[in-house]
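Residue 291 in UniProt numbering sits at position 291 of the sequence shown, with consecutive numbering throughout.
Do not rely on the hints blindly, as some may be mistaken.
What the hints assert, rightly or not - Using C-beta positions, here's what the derived DEER-type ranges look like: (1) Ile171 - Glu376: 44 to 54 Å; (2) Asp360 - Ala63: 44 to 54 Å; (3) Thr198 - Ser465: 34 to 44 Å; (4) Gln372 - Ser32: 54 to 64 Å.
The hints are simulated quantities; they were obtained by calculation from the structure and are not laboratory data. Just so you know, even glycine gets a beta-carbon here, dropped at the ideal spot from N, CA and C.
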Amino acid sequence: MKVNESQHRGVFLEACLIRHSCAPNCYGMWNSKIGGYTVHALRDIEKNEELTLFLLEFDGPRANRQRSHIDKYGVACECQVCSLPTEENLTNDEKMKEINTLQRFVTRHDNKGPQLWPEKTLHCLDQLAQRCNQFDRRWARLYWEASNVAIVNSDLARWRVFHVRYMRYCINAYGDSKRVDNCRTLLADPSRHPGYCTSTRWKTAINTDPTQLLEGTTGERSLEDWLWRREKPLIPGKLMNFRERKYFPTFADVPMDNALDSDLTDITNSVKQPRRHWCLFGHFLGIGEDDGQTYIKLRDDDGQQFTVASPPVEDQWRQVDPPWTTGEYTVAILYPEKHKFEVEKKDDQKLEFIAINVTDVKRVQIFPISLQKFLELNDRVHQFSEEKDGFRTCWVATCRKKYSSSHFEGELCLKCYMYWLCPDCILLAEDDFGHEADCKRLTKPDMLMLLRLKWDEFRNHATFSLTGS
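Produce the complete structure using the sequences and hints provided.
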């Protein structure tokens, strides 16, 4: 019989009969630490209940399992799962097909998902978790895969939770074994993991209290929502937060243009399409030129410098108003993708570099404000436009009073319709209150588009105007 997860087989001089079940209550394995085959219960065993193991090579719909069982043992499987009524079997088969599809996605491309598209991979694992029952034998592999996604992307807070869950399952299913010893060693020193902190896109500290990372203080998100990074749907009508990396990635998280799919794109009928809208912001550093190749130098919110190169539409950059002059600018690029450029130098050498490739100038806009001030403006929009914990905040710098929104008698700015003014400041009858500069920027069409676009509902590509912002 099979003695471990490899192809090794063994003949046992002493044995007992443990039948196969498609929903086993035990897990069997060769324990190299003690030099024997062990069977551990996956759950409490009822009195007179038979011990069962999953003894087939592959799982799947009932017909596939029956065929495999007949090929291996010469008889059909009569376990409690295969003996379900036809309607329940059909439902279970659909579930198994979904599980197999999700498992194929997780393990495809030589298991590079944790690094290439971590968001999608973790989402698939979450879907698997929701389809597995409490005692499913898949939990060990599931938690192990999820912990890999976290540690590869430096999310040590989530890694610790996933790894502890994996270790607990191993203790239950494998007992005192080398696998459990390895789990404890890795928990004590995560840097032993071969993929340790390959990327820093989700960086968190290992000693971070997960409850401190939950959004809000009123239980808006459960621990499971946080752990699996479940997408929180945007609130209809709510103005967009430009610090939300899901929609506004940094350069490191922008996909390559030759990637078949990514966290931001899907393949539908062999055509790559955005899963949602996304936009890259960069602080303008200057224009460079090398052997006739003109490129724009930018810096993202993480401080990483990158370039934007677009030879086919180089002249069109000049159409964008304001022109490139001295001053502080934020460049916004819709649906950016990285491209590997090769440029022939005068000495016949080839210059290779990765840059953002722009083929449509309508997907680029320049805002005459630094990136830091651009994001701070967005912070003020949320501070003075939204209700928080039942209160609104007056925008006037010398006031900043908070009033209960249930009987708040202030009024919106009649120009931008975003900032709230309290009743006391309304009586002062002043025209500005220091809001004029913000108001002017917030009423520009392209700024309004960024704030009000339904970022999680992609139907068509959004574009900027070619007028100044």
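Each hint, compared with the structure:
Separation of Ile171 from Glu376 is about 49 Å and conforms to the stated range, judged on CB atoms against 44 to 54 Å. The hinted range of 44 to 54 Å is satisfied by Asp360 and Ala63, whose Cβ atoms lie roughly 50 Å apart. Roughly 40 Å separates the CB atoms of Thr198 and Ser465, a value that falls within the hinted 34 to 44 Å. At roughly 57 Å, the beta-carbon separation of Gln372 and Ser32 lies within the given 54 to 64 Å, and the hint holds.
Violated hints are absent here; each numbered hint is respected by the structure.
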